[in-house]
Amino acid sequence: MTKMKYINEFRDAELGKSLIARIRQRSTRPARLMEFCGSHTVSIARSGLRQLLPPTITMLSGPGCPVCVTANADLDKAIALAKLPGVIITTFGDMMKVPASRSSLQQVKAEGRDIRIVYSTLDAIEIARSNPSRPVIFIGVGFETTAPTVAASVLQAQQQGLGNYYVLSLHKLCPPVVKALLDSGEVKIDGLICPGHVSAIIGSLPYEFIPRDYGIACVVSGFEPLDILQCVDMLVTQIESGQRKVEIAYRRGVKPEGNRIALELMDKVFEPCDGNWRGIGVVPGSGLRLRKEYRRYDAEHNFEIKPGKPVEPRGCICGDVLRAVKTPLDCKLFRKVCNPEHPVGPCMVSSEGTCAAYFQYGEGYGR
Amino acid sequence: MEDKILLAHGSGGKLSHDLVKQNFVPLFDNTFLNKLDDSAVFELKGRLAFTTDSYVVNPIFFPGGDIGRLAVCGTVNDLSMSGAVPKYLSIALIIEEGLLMSDLRRIIGSIKKAAQEAGVKVVTGDTKVVNKGSADRLFINSAGVGVVPSGVDISGSNARVGDKVILSGSIGDHGIAVISQREGLQFSSSVKSDCAPLNKLVAVMLDSGVEIRCLRDPTRGGLASTLNEFAESSGAGIRIAEQSIPVHEGVQAACELLGFDPLYVANEGKLVAVVAANGAEKVVEVMRRSKYGKEAAIIGEVVPEHVGRVVMKTRMGASRIVDMLVGEQLPRIC
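Chains as they are written, first to last, in our numbering: chain E, 1 to 367; chain G, 1 to 334.
Worth flagging that the hints you see were computed from the coordinates, not collected in a lab. Note that the structure is predicted; figures quoted are calculated from it, not measured. C-beta atoms are modelled at their ideal positions from N, C-alpha and C, and glycine is treated no differently. Wrong hints could be hidden among the right ones.
[As the list claims (entries may be wrong)] Facing chain G, a subset of chain E residues (Cβ under 10 Å, in silico): (1) GLU264; (2) TYR361; (3) GLU363.
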């Protein structure tokens with residue numbers, strides 16, 4: 001790949017304005033739309049879409065930032081692993097600053113532990129290869145988008161006979177948590193902006209239960225402002241006409257059946273397990289653990305750690321924000337005590353967190 | 001075996017002496033340095049500007065430049081942003097034992113070239129060598145002095161309501177060039193650092209006769225941080241338009257993939273100016289004639305609202321806050 005094209009085409013101001021005008025004209029009923037994915041949250045805030053949509057439309061943010069939904073109990077495990085002698089922790093950069101119960105990876109790094117930021121699991125494998133005498137643990141955080149690459153790294157470690165590579169699998173699955181949210185009855189929505197990257201892997205078929213069982217419109221969206229506007233337009237069409245179905249507005253990235261190879265890879269290495277979500281709790285079948293055959297790569301299985309009892313930060317409403325029952329503007333700590341420099345909760349740490357997006361782009365400003 | 005820097009090269013003994021005499025003095029060749037006295041002695045008249053900066057960029061060679069060029073341009077630019085005409089520089093090297101002599105020569109060569117380009121003289125210097133592992137190949141400190149012409153008063157606190165904000169060209173090139181090189185990201189091979197001395201650009205801007213109120217080079221923290229500094233120091237608001245800010249395609253693509261916002265990515269050859277509104281077009285015109293300001297454009301204005309804050313009109317027509325950079329977007333880029 002030499003150059004990524006078509007960025008500006010999907011930010012075209014004129015096309016955007018005509019889509020906005022069309023949505024304004026056609027949206028007559030109140031419509032509560034929730035985007036699941038953190039990248040959508042950021043894109044919406046960054047281009048200021050909330051200000052441009054008609055008052056009939058309310059945009060909510062869901063639990064789609066992988067860093068944010070990682071429970072403190074799981075973060076504590078990562079930190080306990082980092083403190084084991086000789087261990088090298090490899091992680092995506094976003095995890096470094098997230099405050100766990102008593103510390104953060106950044107803090108334990110400053111205390112002298114070996115924690116390295118990687119851009120892909122390939123880097124983690126390389127580190128394991130060049131440090132054969134030390135255990136190298138990759139902190140596997142992410143949705144169906146990242147899980148296949150982590151699965152691939154486990155297979156690669158196996159092929160290369162790397163005995164020192166481990167994964168702490170904190171992966172999360174999207175459809176089960178959407179179901180759990182809707183079952184709770186707490187979140188009232190009319191339409192779901194389905195994640196683009198996750199859907200590129202799992203396809204759109206796994207969302208079929210949402211319109212069928214819950215009467216909620218679903219459209220898979222890309223990440224550029226025009227993608228999101230097109231998605232909102234399609235959701236408005238469904239809502240106004242009383243139709244409920246799953247549609248794809250992100251055809252250049254998503255097929256209904258998803259990416260077969262990636263799904264097979266994921267299924268080969270991982271199996272579903274209970275997932276622990278911040279603010280939501282344990283959701284059956286919403287996590288991924290390494291299958292029995294790959295246990296020798298499972299950090300939790302191979303190292304004895306005592307992470308201690310998880311503690312939640314006082315006054316932080318990240319859990320409510322993640323369930324879309326509150327927005328950052330409802331939080332007493334937001335901007336006053338909690339900011340990206342001194343984050344109290346994870347939604348302020350991750351660049352894809354709802355609080356960080358509200359803070360960074362001054363959501364609600366200039367209205 | 002290739003020649004390498006040894007601890008003895010920094011010992012002050014024969015090897016140090018030879019290193020300086022053979023590699024540095026002939027290249028920089030000027031009457032102040034050639035004497036090899038303990039300090040350079042020179043006369044300067046008028047108000048002086050004095051600055052220093054250390055350069056620790058990793059890797060030391062990157063597309064469009066290297067740590068040597070950066071050390072000259074960075075210090076020349078710091079002087080220029082005060083409206084000073086840069087005159088003399090010092091260059092101090094902290095070398096990690098084992099650095100290839102050929103790499104060092106290459107960097108000294110590029111210091112010479114950059115100094116020539118900027119029209120400044122390297123008049124004093126120092127070389128230290130530290131044990132392997134005590135530094136990362138090569139660190140450079142450079143200091144510089146310049147003369148501020150009379151009548152020039154440039155400060156980040158001078159912006160007034162109604163003034164225009166001018167950017168000298170595309171943003172994000174340096175930061176992306178460095179990270180692509182470091183991480184081996186092939187996709188943005190087209191991106192080169194914009195590292196350049198800006199004193200000649202500043203000279204034509206000052207010569208235009210238009211009142212230049214604020215000047216700053218948006219290095220670490222990027223354009224967003226510089227604009228926030230202006231807004232805060234001047235006690236005014238700044239409004240910019242997203243569409244008017246040039247971002248090269250390769251930089252934009254890299255930012256998308258890495259999750260960066262080009263507004264926060266470092267530049268090493270760009271400046272932001274706040275100028276009186278009635279002369280803004282004229283300043284842009286003279287800037288565009290310089291090779292350092294070909295893509296210069298008015299990107300916004302100083303407003304009485306939202307004091308201390310920068311607000312950007314997005315392509316879609318909404319407004320959003322452009323905040324200061326919090327934390328680090330990229331480690332060690334200069």
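Outcome of the hint check:
1. With a cut of 10 Å, the hint placing GLU264 (chain E) at the interface with chain G is violated, because the nearest CB-to-CB distance is about 25 Å.
2. Below 10 Å, beta-carbon pairs count as interface contacts, and TYR361 (chain E) has one with chain G at about 4 Å; its hint therefore holds.
3. Hint status for GLU363 (chain E) relative to chain G: holds, with the closest Cβ pair at about 8 Å, below 10 Å.
Consistency note: the structure conflicts with earlier hint 1 alone.
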